[in-house]
Amino acid sequence: MSEYLIKNGHVFDPVQGIKGDKKDIAIKDGKIVDKVGSGAKVIDASGKTVMAGAVEIHAHIAGPKVNLGRIYRPEDKLFSCTPTKGLERMGAGASIPTTFKTGYEYAKMGYTTAMEAAMPPLFSRHVHEEIRDTPIIDEGAFPVFGNNWFVLEYLKNQEIENAAAYIAWLLRVTKGYAVKVVNPGGTEAWAWGLNCLSVNDPVPYFDITPAEIVKGLIEANEYLGLPHSVHIHPNNLGNPGCYETTLDTMKLAEGYKAKNKFGREQVLHLTHTQFHSYKGTSWADFESGAKEVTDYINKNKNLTIDTGNVTLDETTTMTADGPFEHHLTGLNHLKWANVDVELETAAGVVPYIYSPNISVCAIQWAIGLEIPLMMKDPMRCYITTDHPNAGPFTRYPRVFKWLMSKKARDAQVNAFKHKDKVLSQTSIGELDREISLYELAQMTRAGPAKSLGLSAICGGLKPGMDADVAVYNFNPDKPVANPDDIETAFSRCAAVFKSGVQVVSNGEIVATGHKRTLWVNAKVKENEQVARDITEKFVKYYSMTQANYEALGHHFVPNPYALEVDATQV
Amino acid sequence: METVTITMKNPPALYLEADNISPDAFAGKTAAQIAELSVHEGNTTSALSKYFDVSGGAGATAADTKIVVKGDVKKVKYLGFKMSAGELVIEGSTDLYVGAWMTGGRITAKGNVEAFAATAMKGGELIIEGNAGNYLGAAYRGDWRGMSGGKILVKGNAGSDIGMYMTGGEIVVNGNVDVHAMTHAEGGKLIVRGNAKSKLGGQMVAGDIYVFGSIEVMMPGFKPAGEVALEVDGTRAMFAHFTGDMGERHKKKKGEVVYGNLYRKI
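Protein chains in written order, with this note's numbering: chain A, 1 to 570; chain B, 1 to 266.
Zero decoy hints are in this set.
Okay, derived cross-link-like pairs now, DSS-like style, lysine-lysine, Cα gap no bigger than 27 Å in a straight line:
id, chain 1, residue 1, chain 2, residue 2
1, A, K421, B, K251
2, B, K70, B, K155
3, B, K251, B, K223
4, A, K335, B, K252
5, B, K252, A, K417
6, B, K254, A, K421
7, B, K122, A, K335
8, B, K155, B, K122
So the derived list for chain A, only partly shown, Cβ under 7 Å to chain B, looks like this:
id, residue
9, R73
10, P74
11, E75
12, L78
Read the hints as simulated data drawn from the structure, not as lab findings.
Please read these numbers as outputs of a predicted model, since none were measured by experiment.
In this text, a Cβ means the ideal position worked out from N, Cα and C, and glycines have one as well.
Here chain A stands alone, though its shape is the one from the complex:
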C-alpha cells in the first residue's frame, strides 16, 4: 500500500487533544503512523483543515424501507440525477439517494463510516445487499429489538440471560451492530390498533411496558458488553408535550453503568433528540423543550444523544415507528406506505415538506440547533439529520454553518415567515454560542466513534488508528467572511482517505476503496432454551425457514469486520 504525508494542515483531533496546530499526518499500510519514508506522496494541506474521517451514527441509508421510499417516490429522483462520470456510476435521488450516490456523497463530505439505524432482522439480507452496493464508507446496521416477540417474552419474565443470548444470536445471523429500539412496545401495540405513548402504557397480549423493555434491553446489552449501548427512539415521537416521555425514558437508565472493553461510557443513546424535545399541548402552543431535555442530559453522564436537525427541505420520512407514520399521513395527507415485519417490527414511509413558511417547521429547525448549542459536552452530542427524516444527510455542511455562525442562524430566523413565533417559542435568538472546529470534530468524529465503541479504530488521527482522513478547503486562521463559505468548504473535501486509500481529490471520487461491513460477534454460553425457542418460532410463525434467515457469505457481506465480544464467562 502507498505511503502518504498530509503536510502542514491545521489538525483538529479530539482523540489527541490537537486544536488546530499545524501538523503532518502520516499514512502507511492503511493506518495512521508516526512517520513515513521520503518516498511518500505528499498532500499539501497548508491553509486547510484536517480531521479524521467523520462518523455517521444514525441514518436510514439501506434496506427495505429506504428502498420502498425510492420505489414509491419517483419524483424524488426527477431533477436529482447524476450521470456516470469517471469512476462514479450514475446516481439519483435527493432525499433517498441510490446506494452509489449515498456512498459518493458521504465520501465527498469527508464521512468514512456510517450506521444504518434500523434493520428489520427478517430483511437483513436486503440491508446487506444495499450496504454492499454503497461504495467507500464502512457501514454497520442496527437490528431493531423493541417490538420483537422474543424480547417481549423474555423481558416479561425478566430473563435477561435469555434475552442476551437471543440478542447475540440475532446480531450474528443478521450481521448486526447494535441494539436499536424504536417506539418500544408501541409498534407491536399498533398491530392491535393501539400505541404506547408513555413508558407505562402496556403492550396488549404481551402485558409488558416500554419501561420494562428499555430497562431489560439495557441490562442485556451490558450483560453482553456490546460496543454500542442501547440506541433508542423513545415513545411518543413528534407530539407536542413529548419531552416528558423523553425525560421518563432517559430516567430508566439511572443507576446503570457501562460495562464493556471498547471505551464506551454511556448505557443509552437517545437518537434524533429534536423530535423528542417538544413542549406545549397542541400545534397551536407548540414550543421547545430543548432546555429541559439537555439540562437532564448534561447532568447524567451515562447518556449520549444525536440531534436530528431539520434542514428545511422536502424529504421522505421513514421509521420503524409505524403508528407515527400513520399519524403523519393524517396530518399532511401525502402518500403513505407501511410494511409489517411479522414477529419483529414494522415500518412506515411518508413524504414531508419542512417549509420555512410554516411555524411548526421553523420551530423544529430551531430546536434542532438549540440542543447541540445547549449541550455542555460535545463528546456526548452528535450531529445528525436522522437522514432522511429531518432532512437529507447531504445538508450536513449547512447544519455545520448554522452551528458555527450566529450570523447564519440570524439570517435564517429573519427569513422565516413566522419569525416572532420562532423567537417566542424557542431560545434560538438568545444563544450566542458558535461551535468551534474542535467541537465539530468532537460532535462528528471522536464523539460518535466513542459512543459506538469504535474509538480504537476511527474518529481520530492517533498513530495506529485506521487512516480515515478528511482535508477541507477551510483556513481556520482566516476570519469567515461569509458563513456560506463554511457550507461550501464542508460540502466537498480537498482530499479524503479511507483506510489509507485516497478516495476523494478536489471533491471528485478517485477510488472506491474496500468498504467493510462492521458487525458484532458476541459469544455467549450455550443456551438450549433460546435455541429451542428460535426453532419453535420459525416452525410456528415465521414465513421463512430458519435456514434461509441468515445473512451469510460473500454475496451479502463480502468484506466483514467483526468486533469480538466474549460473554461466555459472565
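Dock chain B against chain A, hints included.
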C-alpha cells in the same frame, strides 16, 4: 420579438429528448450558438444541428424570443420544457412532455401532442389545436402536485387522467375526454365541451368540472345538489350540480365543508 425557426432535417431513429428547445434556453443566442445546444437520443448526446436546421436569431430575453418548430417532430419530447416566457409554435404533432413544468409564455401546437403535456404547469398558456394525450396538466409520476396555474385549450379530444392532482389553473377541452379526469384534484377548473367517460373527479378534494355533453358513468361518490344557471366559457346554460367525492377528506372554510363540484349541462 425575434424569431428562431428550427426545421427537422434528420428525424431521429430513437426518440429525441430536446429539453433545450425553449425560449429560455435560446434567449441571447445566435443561430450558430443555438445549433450547438445539446439534445439526447438514447444515451447519445449531440448538437441540435445534427437534427435541425436553425435560422433567424433569438431575442435578448425569453420574453423577446419566439421559436417556430417545423418538420416532423413526432419523435421529439420536452418541447418548451420549463419555459418561463416568450412563444413556441409547433407546426405539426409532437411527443411527450410538451410545456412540462412551464411557468409562463405561450405554446401553440398545431397538430396532436402525446401524453404528459403541461405536467405540473404553473403558468402561461398551452394551445393544442389537435388532440391531447393522457395525463395532460397532471402531476409527474408519484408526485401530488399537478397543474397549479395557467391555461390549457385543447381543440380536439383529450386522453385519460387529465388534470390528475390539479391544484389550480384551467383546462378547456372542446372535444371529448377519456376516463379519470381530475382524479385527486385539490383545485382548478376543467371544462369539457364534449362528452366524458367514467371515473370523472374520482377522489377529488376540491375544484370544478363542467361537462357540456354526457357522462357515461357517474362516480358513486358524487351527490346531487340541485340545478344552477351558469355562464361557462362564454355559454349560458342550466347545469345539474353534484358535489363530491364524498369518499375523500375535505377542508372546511368558514365552518363550511368545501367539496369538489361537478356540473353537467342539462
